[in-house]
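So in the working numbering the end of the sequence shown lands on 340, straight run, no missing numbers.
Be aware that a few hints might be false.
[What the hints assert, rightly or not] Straight-line distance between alpha carbons at most 20 Å, and here's what the computed EDC-like set of lysine to aspartate or glutamate pairs gives:
1. Lys225 x Glu236
2. Lys111 x Glu222
3. Lys150 x Glu161
Calculated directly from the structure, the hints in this document are not laboratory data. Please read all numbers here as calculations on a predicted model, not as lab measurements.
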Amino acid sequence: MLQHIVLFCIDRFRGERSIAAIDHLLNGKKTAQTLQDSKWYNVSRLFGTVPIDRSRLLHVARQLEANGWIYEVDEHIYRITSSGKEELRYFVFPPHVDGWKYMNESSLFWKRFSLLIQTVTNVIYRTPFEPVHRDERIQSFVKRWLFQHKHMQALVRSLYEEMYGLLSRVEEKEANIFVWRLTTRDRIGWTNEQIAYAIKEEDVAVWLSFQNVLHFILGTIEKEKETFPLLYSLREQKQIPLTTSAKKTWDLLKKGYGLEQIAQLRRLKKGTIEDHIVEIATYVPSFVTTPFLEENKRKRIIQQAYQLQTNKLRAIKEALPDVSYFEIRLALARWEKEDV
1 MLQHIVLFCI DRFRGERSIA AIDHLLNGKK TAQTLQDSKW YNVSRLFGTV PIDRSRLLHV
61 ARQLEANGWI YEVDEHIYRI TSSGKEELRY FVFPPHVDGW KYMNESSLFW KRFSLLIQTV
121 TNVIYRTPFE PVHRDERIQS FVKRWLFQHK HMQALVRSLY EEMYGLLSRV EEKEANIFVW
181 RLTTRDRIGW TNEQIAYAIK EEDVAVWLSF QNVLHFILGT IEKEKETFPL LYSLREQKQI
241 PLTTSAKKTW DLLKKGYGLE QIAQLRRLKK GTIEDHIVEI ATYVPSFVTT PFLEENKRKR
301 IIQQAYQLQT NKLRAIKEAL PDVSYFEIRL ALARWEKEDV
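Could you build the full structure based on these sequences and the hints that come with them?
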């Protein structure tokens with residue numbers, strides 16, 4: 001599984017990004033560059049889905065190269081071969097995994113849900129227990145949530161029915177992986193590595209199976225709130241995935257300040273504010289780019305990027321010397337398929 005994920009990323013990056021970029025993508029590093037790359041290269045579903053160290057990625061790259069599926073074009077920068085393309089035809093990514101969509105809520109939902117399950121299965125039998133999550137915010141949330149649902153027997157029954165209804169819609173093996181992670185009165189939840197060892201599967205495959213179920217649950221309870229009211233109430237309100245500094249710039253833009261004014265107010269370089277504007281354009285659908293980019297220029301940039309089949313700023317800049325790098329980045333941030 002991991003080999004195919006790395007191969008997929010190398011194919012999408014087209015020799016324009018290094019193994020470091022794949023590392024940042026899979027680990028969900030929330031830098032402006034990684035956030036933009038995940039959208040530009042259409043790999044956003046992978047964002048933050050495979051926590052992995054750089055040395056293991058480099059080892060996988062060497063394996064792919066030995067298999068003849070990729071070749072190195074520069075230090076730690078690869079392109080896919082025709083046999084690599086053929087190999088990718090057999091790769092099926094878990095259908096519900098969407099790291100981008102659930103980056104701000106999947107971990108929080110899991111912590112709330114897993115602590116809730118541990119709590120109710122112990123409280124109903126009046127059994128003392130050590131919480132699986134020590135985060136006081138998680139513990140406080142679960143306490144408040146339970147205070148609002150005082151009839152414990154009915155609550156446990158309803159929770160079971162909602163979870164059974166969801167897990168019956170996924171493959172049995174994946175449902176088991178999800179349940180094995182849970183700690184209850186009778187058992188301690190298994191780690192990802194313990195599950196992988198028990199079922200003799202790659203740890204990455206097991207982790208993605210767990211993520212697949214978790215993201216399926218989040219997506220389903222969003223669409224079917226009335227059917228799964230208890231689980232839906234554990235969700236956190238969605239937030240726009242901007243870096244902290246970009247959020248401050250966005251607040252000033254909404255107040256009517258211009259680029260130069262914001263740079264002066266925040267005592268930051270103009271280029272830094274431009275980075276923020278590109279980030280905002282990438283993630284905020286309502287953001288209007290025309291004050292910073294003429295529509296005619298935007299169309300020319302997109303057309304050139306499509307013709308060159310690249311997101312490399314330098315290549316587009318050489319073809320369009322009258323546009324700035326900032327304008328190119330801003331156009332690419334809003335590149336939609338219907339543009340070409």
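These are the hints, each one checked on the structure:
1. Lys225 x Glu236: holds, 14 Å
2. Lys111 x Glu222: holds, 18 Å
3. Lys150 x Glu161: holds, 18 Å
In summary, this structure violates none of the numbered hints.
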